[in-house]
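Chemist: The lines below spell out each chain.
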Amino acid sequence: MIKLEQHLKNNHNRLLNNSVDNDTFLTMTNEAIKEFITARAPEAIYDESGEWLNMIVEPHQLKPIAAALLGQPMQMDFLFCLTCVDYKTHLTMVYHLTASTNRSLNLVLKVNLDRANPIIETVCELWRTAEFHEREVFEMFGVQFANHPDLRRLILEDEPATAGDEKKESGHEPKGYWPLRKDFEDPINMIKL
Amino acid sequence: MYNETEIIKDTTNLGPEGELVVNMGPQHPATHGVLHLVVTLNGETIKKIEPHLGYIHRSIEKMCESLTYRQFIYVTSRMDYLSSHINNTACALLVEKGMQIEVPERAKVVRTILNELTRIASHELWIGAMAMDLGAFTPFFYAFREREMITDIMEDTCGARLTMNYIVPGGLMYDIHPDFQTKVKAFIQQFKEKVTEYEDLVTGNIIFQSRTKGVGVLTTEDAISYGCTGPVARASGVRCDMRKIAPYDAYDRVEFEEIIETAGDSFARYIVRVKEMNQSIRIIEQLIDNIPEGEFVGKTKNVLKLAKGEFYQRVETARGELGVYIVSEGATTPYRIKFRSPGFSNLSVLNHIAKGSKIGDLMATMGTLDLVIPDIDR
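So the protein lines, in turn, are chains A and B.
Here the working numbering is used: the first residue of the first sequence is -10, the next is one more, and so on.
Here the working numbering is used: the first residue of the second sequence is 773, the next is one more, and so on.
Just so you know, the hints here were simulated from the structure itself, not pulled from any lab data.
Be a bit skeptical, because a hint or two may be false.
Below are the DSS-like pairs computed for lysine-lysine, each with C-alpha atoms no more than 27 Å apart in a straight line [unchecked claim]:
1) B:K1077 with A:K171
2) B:K1080 with A:K99
3) B:K955 with B:K880
4) B:K869 with B:K1077
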């Protein structure tokens, strides 16, 4: 109860002063966020069926949109989850964002990528937690992150055991060893039931 | 931002004289698991730390894609084995959210008590192990004396001491043991008497203080940018307790404080955990006499099927924010599951905060991050 009263009082004061202060994000509704994004990426697609607002943007728009979300007025400085989903026809990068000062404001940013040649700009400079998460996505899904400072395998061994033989036989790099893709099969270490 | 970080790709040809590459781990007593750190040194000063992960990678995410919503909970106990009740809770809550299952009040309260007991047990183990890394051997035995009582309670309740698998979608697997309340109360009493011993042994210890104060300082901005959560972030002044931000189970009806420190060094991280244990006791005290009567598990269908869509559930483990992200296609198994583990993000900050410090301080910095390797590797 006290919280609500305090909040109302703050709102009241703000209306009285008629000024835009740091509390603006409190009134940020989904509609306002959509407006904010549409102004920067007109083709963005929105989905409100889930718990949080989802939006899909084009790969080349990711960096500017992410930078805009990080800046005023939303200050979404906390990237709490970064992952990728293989939908068989395409890959989807999923970024879960929130603001450290206002954790009730959550957003899901998505980018669809070409499955044959997935390449996207890194967001390392904006959220440094992305460095490790992107390395994980790189080795598990084969997504290339442009301008990543240190794009190497993180969890898996440096080179798959079969890669050497395949290389010897065909003379070129193996097609891909991306365990979390849906078509991945490993006859030795079976992980499917 | 990364210009200051020099990335050494070829470790066989290191530049000027005096640079030394030391492999710390994968078998090292202070990593408490198989973590491999490649430490580049200049004399005694750390120039760079490069973690190599995956020694205990079991591809839990891929495995879960072929397990049903009842089965995948058992795998998560093996992730962060010190918080297995809390991991189970996260998965159960997600399935309940996706299927709109009503959880009985009794189950909610018992879950909260067990989660807090788990948190205390985890912090107890951490205090003992961390003090031992810094050369103090006695606190380990003191901490394990109390931890033993908790594991005994767990054993009575669910038959296991470490990987519980007790919390299932809908509530609990079976009802609590008749002695549960008595034993928990006995534990609270003993803990309150003995917790001052830790303060005397560790907190006030001048050697401990001089080894941790001002060591491994993490600023608020970096804690947020690196995605740190739990005691690591709270010691740097970030409010990130999921029990406060998005209360689940019975956390909305109990009073407790979110412990915030601002120093951001190893000592602050230590203080946060010690104070958190007292807050956990406070939560248990409020609930232990008020466990409602009734069913311990709600009505669920035999075959669980999540609706088509995406679900995300966040809980506060002993190490920070655990996120479970499920993409469902409406089948009995998840289409894609992602565990956002707290240790993974907390580890990524290690190079940043240990760079420039002495190799001896690495123990204190790494110890206070409270890394559990199966949680990082998954």
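Chemist: Any hints from earlier that this structure breaks? Give me their numbers in increasing order, please.
Modeler: Failing hints: none at all.
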